[in-house]
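Participant: Sequence:
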Amino acid sequence: MSTPDIRVLVVEDDPVAADAHALYVGRVPGFTVSGTVHSMGDARRHLDQHGVDLLLLDLYLPDGHGLQLVRALRAAGHTADIIAVTSARDLTMVREGVSLGVVQYVLKPFTFATLRDRLTRYAAFRATAGEAGSQDEVDRAIAALRAPRPAALPKGLTAATLRAVTDALRAAEGGLTAAEAAAGVGISRITARRYLEHLVESGRAARAPQYGQVGRPELRYRWSGH
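All residue numbers for the sequence shown refer to numbering that gives the first Met the number 0, where the first residue is 0 and numbers rise by one.
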């Protein structure tokens, strides 16, 4: 007997983002989209009428904060799990969400690969059943939800400078050259290029030659939304 799909309700105020998230969910085997709504009120109405196992929940909604919705759902007896989707990086909010039963956080913007990884881990966690025979089994069940530790930065690169270069690149709509990134962050051009190349290698940025100037074309880097 096959296991029924995990039913997901996408709660996102931006209709374009909501459609994209629903498309992502529908591409992951074992998951199906129960619906797409754009507010807390619509989410509660949907949950009262349809079976939902998991909410992909934006935390900033037009009629309140997403964690308010989680509190209301718990008080009403809804047991659906929550994956929070947010651009907020407030760790106090993260801790509060965990206390309310948020099982995963996904920071915007994210790619299909990122969401697929979180959903796959959630499915593995959800599939655990029965009685644990040891501490190791309990640890493995909990670890299924956790993403692996990020790889160490290449020698000579620091997290603080990488964050500064990343923020500058994300803010530049037309992208940046290494010289422009260097000037904006306050580092040398060679150092800026090392960080920009690291972002390209890790899939978070793309580069293309910039023509129209005398001499060799200069590379322009653009944030790719990963």
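Just so you know, these hints were derived from the structure itself, not from any lab.
Each residue gets a CB set at the ideal place from its N, CA and C atoms; glycine is no exception.
A hint or two may mislead.
The calculated label-pair distances, taken between Cβ atoms and stated as ranges, are [claimed, not checked]:
1. Ala-182 <-> Asp-41: 44 to 52 angstroms
2. Pro-153 <-> Gly-63: 25 to 33 angstroms
3. Gly-25 <-> Lys-107: 40 to 48 angstroms
4. Arg-70 <-> Gln-209: 24 to 32 angstroms
The list that follows gives simulated cross-link-like pairs (lysine to aspartate or glutamate, EDC-like), each with its CA atoms no further than 16 angstroms apart [unchecked claim]:
5. Lys-107 <-> Asp-41
6. Lys-107 <-> Asp-18
7. Lys-154 <-> Asp-116
8. Lys-107 <-> Glu-196
9. Lys-107 <-> Glu-179
Participant: Determine which of the earlier numbered hints do not hold for this structure and return their numbers in increasing order.
Facilitator: Per hint list: 2, 3, 4, 5, 7, 8, 9 violated.
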